[in-house]
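*Asks:* Keeping the supplied structure of chain A fixed, place chains B, C and D upon it in accordance with the hints.
Those protein sequence lines, which keep their order, are chains A, B, C and D. First residue of the first sequence: 1, per the working numbering; consecutive thereafter. First residue of the second sequence: 1001, per the working numbering; consecutive thereafter. First residue of the third sequence: 2001, per the working numbering; consecutive thereafter. First residue of the fourth sequence: 3001, per the working numbering; consecutive thereafter.
In case anyone wonders, no lab produced these hints; they're calculated from the structure. Don't take every hint at face value.
[To be verified] Per the computed footprint, the stretches of chain A lying under chain D, defined by three or more beta-carbons under 8 Å from a beta-carbon of chain D, are:
no. : segment
1   : 232 to 239
2   : 260 to 271
[Claimed, not checked] Straight line, CA to CA, 30 Å or less: simulated DSS-like cross-link-like pairs of lysine-lysine:
no. : chain 1 : residue 1 : chain 2 : residue 2
3   : B       : Lys1292   : A       : Lys272
4   : C       : Lys2004   : C       : Lys2056
5   : A       : Lys217    : C       : Lys2321
Note that this is a predicted model, so its numbers are computed, not measured. Just so it is clear, CB atoms sit at the ideal spot from N, CA and C, and this is done for glycine as well.
4 protein chains.
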Amino acid sequence: MVLKIGVIGTGAIGKDHIHRITNTLNGGEIIAVTDVNPEQAEAVVETENLNAEIFKDGHALIQSPNVDAVVVTSWGPTHEEFVLASIAAGKPVFCEKPLATTAEGCKRIVDAEVESGKQLVTVGFMRRYDQGYRALKKTIKENQIGTPLMLHCAHRNQNAPAFHGDMPITDSFVHEIDILRWLLQDDYVSVQVIQPRRTRFANDGMQDSYMILLETKEGIRIDAEVFVNCQYGYDVQCQVVGDTGIANLPEPASVVVRKDAKLSSDILTDWKPRFIDAYDVEIQEWIDATLKGEMNGPSAWDGYVVSVTVDACLEAKNSEKIIPIDLPECPSFYREAKVEV
Amino acid sequence: MVLKIGVIGTGAIGKDHIHRITNTLNGGEIIAVTDVNPEQAEAVVETENLNAEIFKDGHALIQSPNVDAVVVTSWGPTHEEFVLASIAAGKPVFCEKPLATTAEGCKRIVDAEVESGKQLVTVGFMRRYDQGYRALKKTIKENQIGTPLMLHCAHRNQNAPAFHGDMPITDSFVHEIDILRWLLQDDYVSVQVIQPRRTRFANDGMQDSYMILLETKEGIRIDAEVFVNCQYGYDVQCQVVGDTGIANLPEPASVVVRKDAKLSSDILTDWKPRFIDAYDVEIQEWIDATLKGEMNGPSAWDGYVVSVTVDACLEAKNSEKIIPIDLPECPSFYREAKVEV
Amino acid sequence: MVLKIGVIGTGAIGKDHIHRITNTLNGGEIIAVTDVNPEQAEAVVETENLNAEIFKDGHALIQSPNVDAVVVTSWGPTHEEFVLASIAAGKPVFCEKPLATTAEGCKRIVDAEVESGKQLVTVGFMRRYDQGYRALKKTIKENQIGTPLMLHCAHRNQNAPAFHGDMPITDSFVHEIDILRWLLQDDYVSVQVIQPRRTRFANDGMQDSYMILLETKEGIRIDAEVFVNCQYGYDVQCQVVGDTGIANLPEPASVVVRKDAKLSSDILTDWKPRFIDAYDVEIQEWIDATLKGEMNGPSAWDGYVVSVTVDACLEAKNSEKIIPIDLPECPSFYREAKVEV
Amino acid sequence: MVLKIGVIGTGAIGKDHIHRITNTLNGGEIIAVTDVNPEQAEAVVETENLNAEIFKDGHALIQSPNVDAVVVTSWGPTHEEFVLASIAAGKPVFCEKPLATTAEGCKRIVDAEVESGKQLVTVGFMRRYDQGYRALKKTIKENQIGTPLMLHCAHRNQNAPAFHGDMPITDSFVHEIDILRWLLQDDYVSVQVIQPRRTRFANDGMQDSYMILLETKEGIRIDAEVFVNCQYGYDVQCQVVGDTGIANLPEPASVVVRKDAKLSSDILTDWKPRFIDAYDVEIQEWIDATLKGEMNGPSAWDGYVVSVTVDACLEAKNSEKIIPIDLPECPSFYREAKVEV
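The following block holds chain A by itself, in its conformation from the complex (with noise of 0.2 Å):
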């Protein structure tokens, strides 16, 4: 059995996700393409050397009988409508983040899903696939740390040249709010951004770093540093302090050499290699569940709550204040479909 794919958005993301369907997954095809570009759709077609028609837009696409999923990775402010739209139409969806630009909108789609009855929204978060997320998850299950208490963060970039603005928060912590809560099955309840000594790299007119301070409405404390110019490389690193033991995010596997006086290892310096294992794990899974009539990845309330988030850190950063997040109850609906590793 295989799931018939239309894809909306054929840029660098989407071109990724259709050849990974096409060469590496099992079980999924690329039968329906669309792109505001038309010749960026045609190439990948043909690239890909795919048997798949091309169609004028998104709405097409997914209202066409032969598109049994869609996957959405056009430009942002577009995301919504489509999102919205394959609701209307029954019919599953992978969105990449995020969800909507702004709250309102996820809240929209939250609205519209729960309405329609049946769960089709999967938003790409896709740390929440990575090996090493996995296991210190099933390390804190397994109570082998006890409860836990407080967690050490760091997002680190060795640069972001194409960076600017709210970015570091926007696109960068982004990831840190929605795997936390994944990791402690928690809620946020205050968050406060603290600004360090500005890195003489960071980009003009941008801070960087930032110190951002979670709480949870458990009482753990999360320190996180989100720091987008640090030079040594792409590192994510994640501490879970419990009442018993602590355990660390595992370090990729590297060949430890020594040489020249020093013992060492490779960083990373890209974000590809380190989560591109989970980017093909999070579509296979989604491939998987979804010819199963099941939904089990990050959902559109998960989508929402990250943009609350999200809004909170922007006006703490602002404010120099420490700023209450406020959510509404999460519907029912999606707590029965809570994912599990």
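*Replies:* Okay, now just chains B, C and D, sitting in the frame of chain A:
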């Protein structure tokens, strides 16, 4: 394009390969199976929901015009005849180790393949597909540690209840024999086998552990420990000493825990999780290469060299002498096809 | 040349210093002791086989013309008077922490010492003598990680049965306060104290753990965890994030064991083995410097700054606000004598 | 109580010992020195500000009634006569390695000491005083890894410009010979020496590296790499494989740095910082034991065994054969005094 595969032998490893081709990998389809026990073949067709014909024996399967390529995962003593039959039929064949149960048998396969004028045989030495060994080889080839002079290796199983006689050499050390010559792109010239103090956990009538010393054409010296009841876990170690530095095979990535006055990470206890990814890569690369009409995995020649070396190890063990390893010149046929990472 | 030392207070730490001066270190001799409990003073003279006079009180000991230098290891509330008396007598004095029990008391000592015109007081902040912290400071000073921007620190005790009230701050975090400003050669400007979810192993009526945030004059931001019932061991962590790299305090050297499916090394459970060498170095360096007429350890000014900072921490904890740390200008007297590694 | 020490030979190591006894250690005083070069003896008396008599030769120094104990740090070929003279004078003597330049010379010292009826000789094998080796021995003795079966060792120098001929064996591997039998409390029965591919950095006319195989009475098998121009640093490795687990000699504690896409820690380049603490402990323990009339360091018997083993290594190297190591029964005199940690 899909590679239509026939599988001879649906025991444990046969079923594993059928499962991964059907559910995990891309580009292959199981369309034919056979087993000495027909019920077992029928069972796997049902369990994996295959659209596959069940053949009365391996020869019938090989002859079927529907079968593009053959996977031999039957009982070891039958490997030679099915591989020879595949060569005779001009079909690509992936054969689990051993290629044949004797060096002479391997040599017959090599001769048949050379005579056929086309490389068709791939042998299942899966360590070559392990990310760790590939990273280690890359480190060597990038000249990060200079010219290799020595290797210190260890192959350790937590325990091996089914082992007897010379199986630590024929079934465990055989992997080291293949991977180290691949790593060094060098051949062995002699072997010596030392028997240390016997562990109290050794199987009845069986020596455990061994310290095996290999010398290569380039004068590289290898010491390799083989210890199949080490109690603590499944652990494969490889350290390459170059003339400017030293490189170690990566430890598997693992959560680091601080608990009960210990800083610790888990060691695997089974070989399956250690090499599960390597099996996936192995079969995927075989499918991909076969679809392109290429062949770049471990060759029949590699299978033959390993078989000759195992024989020398056994003679060295029994005689307690240093035994030379004499090999005929490698046919140019194979040298040109040499696998590269 | 031998430094003739008088020790005021022969409790646990006093006896330790007497023992190391007599049996381990070079260049010092205990020639005078006193204790509020005269039997205890007599006992140590006998146990350590000292050729030492027993004085009726600290003031008599300080006045004795035979005493070259004074060690104050009496009950905390008596430190101030004996240090002031030593200054009045013009004698070098090594005082265990706290220098005085209040910031005002510390300030009186600073003022008296400045007025005396000669630096005589050394305070027992032994972490500055730890090889690990010295190596970390060397790494920073050699510019290996660029300009420091952030510090992530942790002070963890396995348990602390004798602790109550604010002792995690006054008795544990006090060490962090001293060592981090020494490490950074910078001063604090504000502090915030966060109380995470309380561990179920916390002492009755006492919060455990704390997350303490310090800001320095240079804008460096420090987050420090203080967790005195962490269950797993005694563990001091310090990570300095610079603008080009990151450096971690060394883990203590330890045998690495592979056993029972774990790769592990021991974590200490007591602070004594962690800092025993630092104590030896501390007292040896004090003896060596004193014999040369120099003074290069933690000064009375350092003791005063720490006291002011502790007070600010307590206010921050109680108020749940960010509290500024205001210090008068450091007298030039101290700046010239600043300790360097 | 002070041990009055006479030092024969004020070259590099002699000066080091004089300095540490005078400035770092406790309980010893240099009151007599001599050297074949009298100016050198005078210079050290002045530099270290010693209150010491300069003797015309070692024999006069040994005979002096002021000298309680003797340190022999003269040229190797003179060790035997000064140790024998110290025994004849009934004085404790600490002799740097080698105890004598031949096995016969060592045997003459053993015989003289046994005949004297009192153990007086300590040989300077300083690795026994290293915290790392002591921790490793403790791990074995606590039965944490079960019964030792194999050892994998390496002795590596960054380079060794002054080395020639068999010095990698006589000057470097000699340390392994002593420490491994101390670690295992076992004796050697045979040795084999393998010469791997020669490093391009080897000294003219000298083999570098060696792989040396030792067998013990208990059947433990040791492989030890000796590589004195390894380029990357000074590195001593020791892994003990027991029948339930494996233990490694600790790596020296070191700052861990993340920089330039590497996670690294420094490797030492010189043996001095690696074993400086061991030297201090060695001489302090010798002073302490001597003052108590005890003797618990490496004995003359140990020096003799090492000398016999070195001779067997050289024969094994030259003959390329497995050479038995035959030793007379150890006199009970020494067995009773066996060193323990």
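*Asks:* Would you mind marking each hint as holding or not holding in the structure?
*Replies:* Status of the hints after comparison with the structure:
1. For the segment 232 to 239 of chain A, the proposed coverage by chain D is satisfied: 3 residues have a C-beta within less than 8 Å of a C-beta in that chain, meeting the threshold of three.
2. Counting residues of the segment 260 to 271 of chain A whose C-beta lies closer than 8 Å to any C-beta of chain D gives 10; at least three are required, and the coverage claim holds.
3. The suggested pairing of Lys1292/B with Lys272/A holds, with an alpha-carbon distance near 27 Å, which does not exceed 30 Å.
4. Restraint check for Lys2004/C and Lys2056/C: the C-alpha separation of about 18 Å stays at or below 30 Å, so the hint holds.
5. For the given pair, Lys217/A sits about 21 Å from Lys2321/C by alpha-carbon distance, which is consistent with the 30 Å threshold.
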